Amino acid sequence: MARIVGIDLGTTNSLVAYMDQGTPRIISARGERAMVPSVVALTDNGLIVGDPAKEYLTRDPERTVYSVKRFMGKSLADVHDELAYFPYTLAEKGGVIRIKLGEKSYSPPQISAMILKELKIRAEAFLGESITKAVITVPAYFNDSQRQATKDAGMIAGLEVLRIINEPTAASLAYGLQEKTQGTIAVYDLGGGTFDISILKLKNGIFEVLATNGDTHLGGDDFDQLIADLFLGEIRTQYGLDLGAHPDHMQAVRLEAERAKIRLSEELKTAVTLDLPDGKGRFTRELTRDQLEQLCTALVERTLGPCRLALKDSELTPDDIDEVVLVGGATRMPLVRQRVHALFGKQPHCELNPDEVVALGAAVQADILSGGTTDMLLLDVTPLSLGIETMGGVMSSLIRRNTTIPASAKEMFTTYVDGQTGVDIHILQGERELAEDNRSLARFRLKVPPLPAGVPRIEVTFLIDANGILNVMAKDMRTGETQSIEVKPSYGLSDQEVERMIEDSFKFAADDVSARKLIDARLDAGALITTTEKSLSDGGHLIAAGEVEAIRTALSALIAAKDGNDSRAIRARMADLEHAAKGLTVAMLDDSLKQGLQGKKVSDIT
Amino acid sequence: MNRRTTGTEDRRELQMARSMCWHCQSEMAGEYFCDRCVKVQPVSKDLDYFTCFGLPRRLAIDPQTLETKFYELSRAFHPDFYQNKSDAEQTISLDNSAMLNTAYRTLRDPIQRAEYLLDLEAGSVKEIRTTPPADLFEEILELQDTLDEFRASDRASHNASTLRTKLQADRATLEQRQQDMEAQLQQLFGRWDALQDRGEATEQTRAERASILKSMRDLLSNRTYVKNIVNDLVETIA
Numbered sequence: 001m002a003r004i005v006g007i008d009l010g011t012t013n014s015l016v017a018y019m020d021q022g023t024p025r026i027i028s029a030r031g032e033r034a035m036v037p038s039v040v041a042l043t044d045n046g047l048i049v050g051d052p053a054k055e056y057l058t059r060d061p062e063r064t065v066y067s068v069k070r071f072m073g074k075s076l077a078d079v080h081d082e083l084a085y086f087p088y089t090l091a092e093k094g095g096v097i098r099i100k101l102g103e104k105s106y107s108p109p110q111i112s113a114m115i116l117k118e119l120k121i122r123a124e125a126f127l128g129e130s131i132t133k134a135v136i137t138v139p140a141y142f143n144d145s146q147r148q149a150t151k152d153a154g155m156i157a158g159l160e161v162l163r164i165i166n167e168p169t170a171a172s173l174a175y176g177l178q179e180k181t182q183g184t185i186a187v188y189d190l191g192g193g194t195f196d197i198s199i200l201k202l203k204n205g206i207f208e209v210l211a212t213n214g215d216t217h218l219g220g221d222d223f224d225q226l227i228a229d230l231f232l233g234e235i236r237t238q239y240g241l242d243l244g245a246h247p248d249h250m251q252a253v254r255l256e257a258e259r260a261k262i263r264l265s266e267e268l269k270t271a272v273t274l275d276l277p278d279g280k281g282r283f284t285r286e287l288t289r290d291q292l293e294q295l296c297t298a299l300v301e302r303t304l305g306p307c308r309l310a311l312k313d314s315e316l317t318p319d320d321i322d323e324v325v326l327v328g329g330a331t332r333m334p335l336v337r338q339r340v341h342a343l344f345g346k347q348p349h350c351e352l353n354p355d356e357v358v359a360l361g362a363a364v365q366a367d368i369l370s371g372g373t374t375d376m377l378l379l380d381v382t383p384l385s386l387g388i389e390t391m392g393g394v395m396s397s398l399i400r401r402n403t404t405i406p407a408s409a410k411e412m413f414t415t416y417v418d419g420q421t422g423v424d425i426h427i428l429q430g431e432r433e434l435a436e437d438n439r440s441l442a443r444f445r446l447k448v449p450p451l452p453a454g455v456p457r458i459e460v461t462f463l464i465d466a467n468g469i470l471n472v473m474a475k476d477m478r479t480g481e482t483q484s485i486e487v488k489p490s491y492g493l494s495d496q497e498v499e500r501m502i503e504d505s506f507k508f509a510a511d512d513v514s515a516r517k518l519i520d521a522r523l524d525a526g527a528l529i530t531t532t533e534k535s536l537s538d539g540g541h542l543i544a545a546g547e548v549e550a551i552r553t554a555l556s557a558l559i560a561a562k563d564g565n566d567s568r569a570i571r572a573r574m575a576d577l578e579h580a581a582k583g584l585t586v587a588m589l590d591d592s593l594k595q596g597l598q599g600k601k602v603s604d605i606t
Numbered sequence: 607m608n609r610r611t612t613g614t615e616d617r618r619e620l621q622m623a624r625s626m627c628w629h630c631q632s633e634m635a636g637e638y639f640c641d642r643c644v645k646v647q648p649v650s651k652d653l654d655y656f657t658c659f660g661l662p663r664r665l666a667i668d669p670q671t672l673e674t675k676f677y678e679l680s681r682a683f684h685p686d687f688y689q690n691k692s693d694a695e696q697t698i699s700l701d702n703s704a705m706l707n708t709a710y711r712t713l714r715d716p717i718q719r720a721e722y723l724l725d726l727e728a729g730s731v732k733e734i735r736t737t738p739p740a741d742l743f744e745e746i747l748e749l750q751d752t753l754d755e756f757r758a759s760d761r762a763s764h765n766a767s768t769l770r771t772k773l774q775a776d777r778a779t780l781e782q783r784q785q786d787m788e789a790q791l792q793q794l795f796g797r798w799d800a801l802q803d804r805g806e807a808t809e810q811t812r813a814e815r816a817s818i819l820k821s822m823r824d825l826l827s828n829r830t831y832v833k834n835i836v837n838d839l840v841e842t843i844a
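Residue numbers (the numbering used here), protein chains in the order written: chain L, 1 to 606; chain D, 607 to 844.
Watch out, some of these pointers could steer you wrong.
[To be verified] SDA-like cross-link-like pairs, simulated, lysine to any residue; straight-line CA separation at most 25 Å:
1. L/Lys475 with D/Asp693
2. L/Lys447 with L/Glu431
3. L/Lys180 with L/Asn204
4. L/Lys312 with D/Lys651
5. L/Lys133 with L/Glu32
6. D/Lys651 with L/Met473
7. L/Lys312 with D/Asp838
8. D/Lys651 with L/Glu179
9. L/Lys410 with D/Asp751
10. D/Lys645 with L/Leu398
11. L/Lys133 with D/Phe687
12. L/Lys100 with L/Lys133
13. L/Lys312 with D/Thr697
14. D/Lys645 with L/Asp375
15. L/Lys201 with L/Leu230
16. D/Lys833 with L/Glu32
17. L/Lys201 with D/Arg797
18. L/Lys180 with D/Glu673
19. D/Lys833 with D/Ile843
20. L/Lys312 with D/Asp715
21. D/Lys691 with L/Arg98
22. L/Lys180 with D/Arg681
23. L/Lys475 with D/Asp715
24. L/Lys54 with L/His246
25. L/Lys203 with L/Gly345
26. L/Lys410 with D/Ser650
27. L/Lys93 with L/His217
28. L/Lys312 with D/Leu780
29. D/Lys772 with D/Phe743
30. D/Lys833 with L/Leu162
31. L/Lys201 with D/Pro716
32. D/Lys651 with L/Met376
33. L/Lys201 with D/Phe743
[As the list claims (entries may be wrong)] One side of the interface only, derived from the structure: several residues of chain D facing chain L at Cβ under 10 Å:
34. Cys643
35. Gln647
36. Pro648
37. Ser650
38. Tyr655
39. Thr657
40. Pro685
Keep in mind that the hints were calculated from the coordinates and are not lab data. Quick caveat: nothing in here was measured; it's all calculated off a predicted structure. Where is the CB? At the ideal position from N, CA and C, for every residue including glycine.
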């Protein structure tokens, strides 16, 4: 069976991992950082992804997309409050958000697909084989639409998504595999944009989720925004400057806020410096850990409510929890650790890298699916109650939250009027009483044969599969015939749209190739620059001064070309440099040979 | 005389004798897998949850035994282990897992377990009470009034805090009531199990059996009613 990789498609960073003879490992490409920033930029050379795209956050903020995960499976109205923070333009078509990049608009699954494709390419280069199957992680508290959007993203990227797995439970797989833990554990997962808490029972290789809760709009990003808002306010009062009109500076503030937050996990105070536009000079201030914690304490408190609910749903008290595991970059903050410690009354574990553990767990799940690992089994739950709208706009629950999946419920439908040929069904997800307060997942019309009222009996089965995704089937109990149901998702792409996006992704592949070439050329150029500089410092004395000068000239030319957007020019300057440095290379080789021969007898050599 | 064939063993035998492997059409002897082609078999819709877990129809179930069996069957059915199998097997795995999860959830909780047994034995649809049980009638009507008054009151007022104190006292009383009913239920469960263990089929045992089921049904529905009132109360004063 073809290899299945595990992918952590994160709000800020994404990772791909694979199982290497029983041990999950992160894949990194040619000495690059393994983490791919979840950023996509439209450049003059096409779309680029990851670290190179991150540079465009300040260079070209209107055409650089970050934190797209926040928009997966959402409508524009859902994210109305935060739109002002994003420099790129959002619109809506058919209940799905579209992000404008230059002439074209992309749905969040399409943007996510570009990140997935980058991970796919990296995995293929690393493993030397074609990768077509993956396990992708999502926040445990993701609803049906958000899960489906993630699955669509995989399809658009040319990946068969064999399983959507919850991030905290993925982390528990990696953790359980390494630590051989038994007992009850709580996984506290505070990522870039989402928060999850899951409580699991680990016993003889079974990972049984007892309860899960969370907030899909709470993460490290929100901390950064609070800090950024503080800086922006101060800049306004001190300089009379509203950076809202300068998207590039807005981004710089956000990025500096993020860096300051990260530094304050290690240090007690840190200096913040920001260049201002319009010749206003520089904004500087000191930020202390105390100040940061004061700002963020309300957000951290917000994570504790879901923790208590999860405990309640699993009928446990903090004393029943044997171990607490921290996942997600934001759990590096000392304040988070203190609060979690205080709530559960025990020191949380952070032995595993909180950035990598989710991808590692996805690789473990991938290995279970491919039949490699047979002693571990994850029994997960659905995070939200599923139901249908009944008379009076009330939600009638069919599958309660925290029900182990796969889960199914059957409901019998009939007619109220003679000759009625259809029954409209509105599927909902959520915990509220009224239909309108819950998430609308889909609507469909059940076909009914025209008969006297009350005679038709149509049994509808709602089945939540192991991905946490709903499937609906209907059966006419009188004839025994099953009918296929066309479900119109309330906030998602239709099958046809996904199809078209898959086709488009092939069309854009040409653009992607040129972008890819540029990235590769830059990477190779970077490596050549580093080695040449080292050779010059180590062996510069071995060659003539004029030759050194020629190498330096070629080196500067390459450095200049590397910042440009022309992959051919970069390759040409690389060839120039290699040519200029030929003498140096030969001289160094001779020298090392000479060194090697010293102290040896002639008889040893011949 | 006419022995009722509620014995689960008989029913399973009948079903197994009839069934054939969906794949190789050989006669099925194995429990959930065909002995010949080792393919997973769909769990029959007629199979009750007790039988599915290999348990007799008793109301006392050791949680450890139940959990061990649940894990064992999960390992047999879970879709994770059918990724490389045919579509038909994947569908069976999915349906079986969903059924297994429902069965476990039902049997794990003593109240749901009893309601399920009642359904199997007496064919009763779960009765949903809309009026208070007779012995609580006055108390509950008064409580409803207090609740309404509290909801309409200004939470900061003195009146509200008096009402809250009263409601808290009512809550304690009702919770005690709920516990009493649960203790009574436990006794009934014991009597049911003992009767089943005796395995006699006399006129007298039939009468006793009917009487236990009737009492169980009344108690269960009263308990659910009281529990809902308590939940409502807790939510209101929270």
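Residue hint D/Tyr655, partner chain L, criterion CB-CB below 10 Å:
14 Å, violated
Restraint: D/Pro648 near chain L, CB-CB cut 10 Å. Satisfied or not?
13 Å, violated
Straight-line alpha-carbon gap L/Lys133 to L/Glu32, limit 25 Å
Since the Cα atoms of L/Lys133 and L/Glu32 sit roughly 23 Å apart, the hinted pair holds (cutoff 25 Å).
Within 25 Å, alpha carbon to alpha carbon, are L/Lys201 and D/Pro716?
Within the cut-off at roughly 21 Å; holds.
Within 25 Å, alpha carbon to alpha carbon, are L/Lys54 and L/His246?
18 Å, holds
Let's test the interface hint: is any C-beta of chain L closer than 10 Å to that of D/Pro685?
5 Å, holds
Take a quick look at whether D/Lys651 and L/Met376 sit within 25 Å of each other, Cα to Cα.
Not satisfied, since the Cα-Cα distance of roughly 29 Å exceeds 25 Å.
Interface hint compliance - D/Cys643 to chain L, C-beta minimum distance less than 10 Å
19 Å, violated
Does the structure keep D/Lys645 and L/Asp375 at a Cα separation of 25 Å or less?
Holds, at about 20 Å.
Is the straight-line distance between the alpha-carbon of L/Lys312 and that of D/Thr697 25 Å or less?
Distance of about 34 Å is beyond 25 Å: violated.
Mind checking the alpha carbons of D/Lys645 and L/Leu398 for me, to see if they're no more than 25 Å apart?
Violated, because 31 Å separates the two Cα atoms, which is more than 25 Å.
Pair hint D/Lys772 and D/Phe743, alpha-carbon separation not exceeding 25 Å
18 Å, holds
Hint compliance for this structure: hints 2, 4, 8, 9, 10, 12, 13, 15, 16, 17, 21, 23, 30, 32, 33, 34, 35, 36, 37, 38 and 39 are not met, and every other hint is.
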